[in-house]
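Peer 1: Build out the structure end to end from the sequences listed, making use of the hints.
There are 2 protein chains.
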Amino acid sequence: MKELEERINKDGRVIGKDVLKVDSFLNHQIDPVLMEKMGEEFYKHFKDAGVTKILTVESSGIAPAVMTGLQFNVPVVFARKHKSVTLQDDLFTSEVYSFTKKTSNHISISKKYLSSDDNVLIIDDFLANGQAVNGLNDIIKAADASLAGIGIVIEKSFQKGRQLIDKAGIPVYSLARIKAFENGQVVFEPENE
Amino acid sequence: MKELEERINKDGRVIGKDVLKVDSFLNHQIDPVLMEKMGEEFYKHFKDAGVTKILTVESSGIAPAVMTGLQFNVPVVFARKHKSVTLQDDLFTSEVYSFTKKTSNHISISKKYLSSDDNVLIIDDFLANGQAVNGLNDIIKAADASLAGIGIVIEKSFQKGRQLIDKAGIPVYSLARIKAFENGQVVFEPENE
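Protein chains in written order, with the working numbering: chain A, 1 to 193; chain B, 1 to 193.
There's no promise every hint is true.
It does not matter which identical chain is used: a pair holds within one copy or between any two.
Restricting the straight-line Cα-Cα distance to at most 25 Å, the calculated cross-link-like pairs of lysine-lysine (DSS-like) are [said to hold, decoys possible]:
1) Lys47 to Lys2
2) Lys101 to Lys111
3) Lys47 to Lys102
4) Lys37 to Lys17
5) Lys44 to Lys2
Worth flagging that the hints you see were computed from the coordinates, not collected in a lab.
Peer 2: Next up, the structure:
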């Protein structure tokens, strides 16, 4: 998505070897017009996949997920994060390790909002090592729901998440794919490759 | 907002004397089409207020705030919640007490995304005792920004938040105003009163 790549070039900040901060339009301040275009883009890609529900994780996934849900006219569910979790009968739960923060979180979804009738599109802000996507996929499996595909705003292709998803044969579409950070600059994968 | 009141009657669950659960369309599962209509409604009400920025708190405020920002074509900033906070020079911070959870949270916003040039519309999912709104207003004052008004999805008018805001002379618009819970049923304030 050309406009997103341009926005990353303009407003993203590369920190160290593998962190990109996009606090000015995605993770803290949000550009709602850009979010709407992302929703349209995800819809264009997955419109024939029979999506019945959008799944994401709080908080940064919510804006792109809701805009995508609006296009599909389906409900959006966001998993809640907890430091620890007391197992509850009414929740699907999974553990997610963050390599950036070096901590584990639990994520959970109420059993009321995911069932075997659902064909789920996962939407998330970043794909790095694939931990969040894995956690959401565990929950989808526990609910006996099916996974229609994964839509990612920004993929860091040099980390292992993308490879794991491709290996599992899951359809994935990332709006911006970052090949590398070089001298504090973002290098994108060529589009439509 | 008639459609919202009907949805609360249909899908809301009254718990005890003062809690309303709307997990099925607002706080966990989100109805994006309803969110879009809320954004339009807030825009209609505040369109002449000179709003330059929308402010909310993660996570449940994000969806209505982003849809409102889309109508106004202005950025949305969501305050992050922390259990505790180490004071940082680059953050505006405030403390928010939750009567429901009986815990204090700190909320913070990067100083980069709020300035004296901003005229802020606060959007939040619930207004009860007004703690979250107060915390956001503290941050707006610390940034020397101005407050254009407050948009609330669901107001529990029998708690003290609304009264405090009215007393402070701040323009507030709530899409659904709950007068009382009676026998597990929601009683709304008359519209356009």
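Peer 1: Evaluate each hint against the coordinates.
Peer 2: Hints, verified against the model:
1. Lys47 to Lys2: Intra 20 Å, inter 31 Å, cutoff 25 Å: intra-copy only.
2. Lys101 to Lys111: Between copies only: 22 Å across chains, 28 Å inside a chain, cut-off 25 Å.
3. Lys47 to Lys102: For Lys47 and Lys102, neither the intra-copy (36 Å) nor the inter-copy (44 Å) Cα distance is at most 25 Å.
4. Lys37 to Lys17: neither (29 Å within a copy, 42 Å between copies)
5. Lys44 to Lys2: Cα proximity of Lys44 and Lys2: one copy only (15 Å, versus 33 Å across).
When held up to the earlier numbered hints, the structure conflicts with 3 and 4 and fits the remainder.
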